[in-house]
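Engineer: Below, each chain spelled out in residue letters.
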Amino acid sequence: MTRRFLPLLTTTGVFVAGYLLCMAEFHNFATARVACNLLTDNAYLGITAVGMTFVILSGGIDLSVGSVIAFTTVFLAIAIGPLRIPPLMAFLIALAIGAAFGAAMGAVIHALGIPPFIVTLAGMFLARGASFLLSTESVPITHPLYAMLNDLSLPISGGRLGLIAIVMLLVFLAGGILAHRTRFGANVFALGGNPASARLMGVPVGRTLILIYMLSGGLAALSGIVFSLYTSAGYSLAATGTELDAIAAVVIGGVLLTGGYGYVFGSFVGILIQGLIQTFITFDGTLSSWWTKIAVGALLFSFIGVQRLFQVFWSGSGDVDTA
Amino acid sequence: MTNSPMARPSSRQSVSSPAAEGASMRMSPEAAPLRAAPGFLKRGSGPVPGRRFLPQIGGLGLVLLADWLVSPQFFALRLQDGRLFGSVIDVLNRGAPVTLLSLGMTLVIATGGIDLSVGAVIAISGAVAASLVNGGLPVPLTIIAALSAGILCGAWNGLLISVLRIQPIVATLTLMVAGRGIAQLITEGVIVTFVNPSLSEIADGSWFYLPAPVMLVLGMLAVTLVLVRATALGLMIEAVGVNRRASELAGIGARSIIFLVYVWSGLCAAVAGLVLTADIKGADANNAGLWLELDAILAVVIGGTSLLGGRFSVVMAVLGAWIIQAMNTGILLSGFPPEFNLIVKSVVVLVILVVQSPVLGGLNPRSLFCGRGR
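As they're listed, the protein sequences go chains A and B. Each residue of the first sequence is one higher than the one before, starting from 7 at the first, in the working numbering. Each residue of the second sequence is one higher than the one before, starting from 2 at the first, in the working numbering.
Keep in mind that the hints are not guaranteed to be accurate.
[As the list claims (entries may be wrong)] Now the in silico label distances, taken between C-beta atoms and shown as ranges:
1. Trp-292/B <-> Leu-26/A: 36 to 42 Å
2. Leu-228/B <-> Phe-319/A: 55 to 61 Å
3. Leu-26/A <-> Ile-192/B: 16 to 22 Å
4. Gly-59/B <-> Gly-24/A: 53 to 59 Å
5. Leu-89/A <-> Leu-55/B: 43 to 49 Å
6. Trp-69/B <-> Ala-102/A: 37 to 43 Å
7. Leu-63/B <-> Asp-290/A: 51 to 57 Å
8. Pro-88/A <-> Trp-292/B: 29 to 35 Å
9. Leu-151/A <-> Val-191/B: 40 to 46 Å
10. Glu-202/B <-> Leu-243/A: 29 to 35 Å
Simulated from the structure, these hints should not be mistaken for lab results. Beta carbons are placed, not taken as given, at the ideal position from N, Cα and C, and that holds for glycine.
This is chain B alone, in the form it adopts within the complex (with noise of 0.2 Å):
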């Protein structure tokens, strides 16, 4: 730390140096149509939306083709029960649970931090939604309860990273290791599991023809791009991941945005705990969530935000978490070893890392500062 002020201004130039060339640079593409619906008109002025995120849909578009050939039913639906099923379905479906920890990481990773305690706020969320429900509290009651214990989680997180200003990766691993025993300590040890129709329902219910952890995805999702991109809070939090300093300086709130952050990926966490909870029908403290912090990060990275902070994009990493799954699916779908998956999964990391890469992107040569990423 005590050399961050050197470094940070220049390696923080290589990431914002395309905002020089007009301010909407710096923003979405999603924000893009909000601001500068006009500017849709001039074509040729300003960058064309959506060319930054070629290589995402040419990676999601890969994938499922991949999957189309190894199984040429993937596309195939049918109405069954008044739900929709098939394999499309069941990328959605699987990945529910890594696509809402990416939405709070997005928006994390943008102020230049990360959170990596995501998987056991998923284990205490879910030890609390299976205790208290085994205790005979009601459905409802159960469910705010879990999410408050994820809101807490995340507010923790935020007290230590905006008011005390601990290390993003450091605060967030002090909780990802106690979590889990905070969550073993509400389940006793066990894993509790519980026959209750109406909580399951989060996880096999259908809601619209779709299963319900699609639909609370497509919730989250929406209650995040509004929170995001209708009002100034994205701005905020690119302009806090640019440069905090200057954030500041400009009069934004920087300590309530990076505190909101962290409490907004502990709520996406708590429902992605529900989500998980609710399908195997009871809470395993030790291996509810393991390593879905590492593929939430993943999916945003896909997605194009930078692990440095500043402009994001909650559409491209709910987009990178579906490709990970397609591939997930495709792996299995194929009949390879599940063994495969994780070697395909680095391999398609480094792919799009190098695509990536700010040094063959034409920046300013990063590797200077490469030591610097967390």
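Excised from the complex, chain A in its bound form (with noise of 0.2 Å):
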């Protein structure tokens, strides 16, 4: 049961300790307003998170979500502003958007048999592609109810808990329950420690697929409402990138990249983590923000480190093919 919970907890003592240190380091670290800050900052990133953890924890990986993100807050810019779309009208067309886009996705990947690596690359640049057609400009949202959501808030001791964060923790909360509690959640995991043996004890690969592609497409459409929410614009060079933040997050958290192993908490403390470099690096005001990539990296690389020798301990041997 340890042996199971080693690498998050290893993530987790990761994040804690890092915690204790930017507060010894700077005492407005303990404050509520701080912590606050965090989740809200990194809302969108975490939303993302989610739906790449399924895809990973299913052995696949989709390079999409960034350019999803970019075309939604596009779409809503557009939508709203010139088209008049009321906004939760045109929030749920994003998501549609978002989910079949997907659901595509996946459907191309599971009928062709191509690994998801190329696809989603595909995807990647169709996504950002359509976004510079509808604008290469960046399109300020001005609608009244973008700023009664934006004050939209939870206070806590000093801080406030912006609506997207709460949003964050509900999609953490909801998208945790699906991967540990139900069927769906299962056949993920089945699909990620083997295919052939899923297949064969009768998980629905082609359906499953499908459906894990749609909701990261999906999750992808609501981290770019939230985006959107967070900047108030709408720019198709927006969170250039983030698919690989998400990866990276989710790695930290402990999510085997080929799949099968992994909890959706983990992605969330992967998440923290990252923030709470970024966080630093700000407080600290004399580290350049360079510092971030760095630093990202060698925790990367650290815990991939980690990972291989729990691998070879739990094996026995260090022989796993490498492609």
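Two chains, two frames, a set of hints: combine them into the complex.
Structural biologist: So this is what it looks like as structure tokens:
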């Protein structure tokens, strides 16, 4: 039992230790405001990471999420601005587009037997290109509802937990239940563990795959909605590289990139660790922002190293195909 | 990874099943003339070399035809100041960085791996070159230092993947993330510009009537081809890609082969980094080579090399890179906004994927293993 949770405990331990270190350096880290901002600033990344967790648990990868976020923000800006579609309606349409886009990619992956890497790479180009077609400029969103939604927050002893942070927490909660407590979740794990035996066990491979990528696409669209709330604008170059941040968070969170093992909660901690590094660098002021990249890279490396060690210990040999 | 030993053999089978008909099938047609020249004469026995690559050659033909339709002067060439000018030359010139990357990437993918870090390596080698040349180092030493930086990055990847046996996508992802930070560390967070005619020569010079980058591509292509096709290295790479364990049992040093392909990929990326840095006469750690790794992977896939490893073709990957660049240039020439670029690119990728799809290709349906692709 402990062995099962070891990667998760390691990640959580690193986060707690990191937070304590930050607190020792800067006392303001102990305030609720910093903690709440940590959640609010990383809300869009967190929502994407939930979808990415499912994809990676199934042994796949989704490179298109950053582009889908950008497309959603531009789509919302155009729909709410010039087209005068009511925001809630526009949200629904955006979610539907994201989910349909993901489902289409899942269907291509399943039907043609092409690696997800390449299919979602094509999806990444397609979604980014589509948002360029809508607008190449940053379009501001000035609907009163946006101001209202941005003002909604839960006051917690001096800090305020924004609406988007609450949305992220709910998505993580729902994602955790879906992954660990439902049949769909079990199917995802089975698929990631071994697709051949999953099929022999009666897992509906095609349907599960399509649902996984649909979930990832839909959550990317939701993340786009959150991102447009966060920035009050739509920009086709927004969120470049988010897919890599999400993958990094999921891996730091202890999910095996080959699939079949991990926890949604781990990805949550992964997001928090990345956010913590960024906040620390902002607080410090003398460190340049590129240290974020180096720190995240080093963390990624050490977590992968730890995972590798566990595997060697568990299987009793290091003989695993590199492919 | 726990599952791999189960899934791998069967997924491999679909890749290597044509090989059951004869070992020569698994080899690329490039190798065929070297190894089986007599087979060429005996028509009917063995596969016709080149037929496998009809989609690529046809694809390039179609793209060039489209280019010619939107711009009738597309194939016009003129000689000026001892250098050829024209759209075709421009395609080769602009496509040089991706072409260089695709050389190393082909070998990496042939071993069943992937190298996501090449874009970051471009940034690192560019940063090294720009900083050193500003520090007053002679140009030859600067170039050697930049290339060594690339080799070092490749060796780091190779070490993680071959010795520590970390999955390639993960190992190179760490360098992809951290690499740009390292490049920024070298340039100290600013865009380092330099004025040095001899270093700029790498991008805007011309040798034998051709722009220097094109000659660099041809040179690197020749070296790569000699390495993999005039020696047994290519066969060994394919063997490792098809089944690492079996290749080890057959006496191939899979570990060194895998290490070497990543070193080669790092070197190719460093050369590409030199070209890009010399081109803009500066090093931009944030944007140099951004997303080029994806274009390079795309070029290799368009070139018909399977992402699952096994048989590969360096020449076809170069052709794939040219297809991508010819498309980009065509869209620019046609007067369409460059926004269309990505859409057209993704459609072309999808079409080529469908054409090459193992399901439609009549091989074993691999849809079962689609979750495994990396």
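Engineer: Just pull the numbers of the violated hints for me, sorted ascending.
Structural biologist: Of the numbered hints, 2, 3 do not hold.
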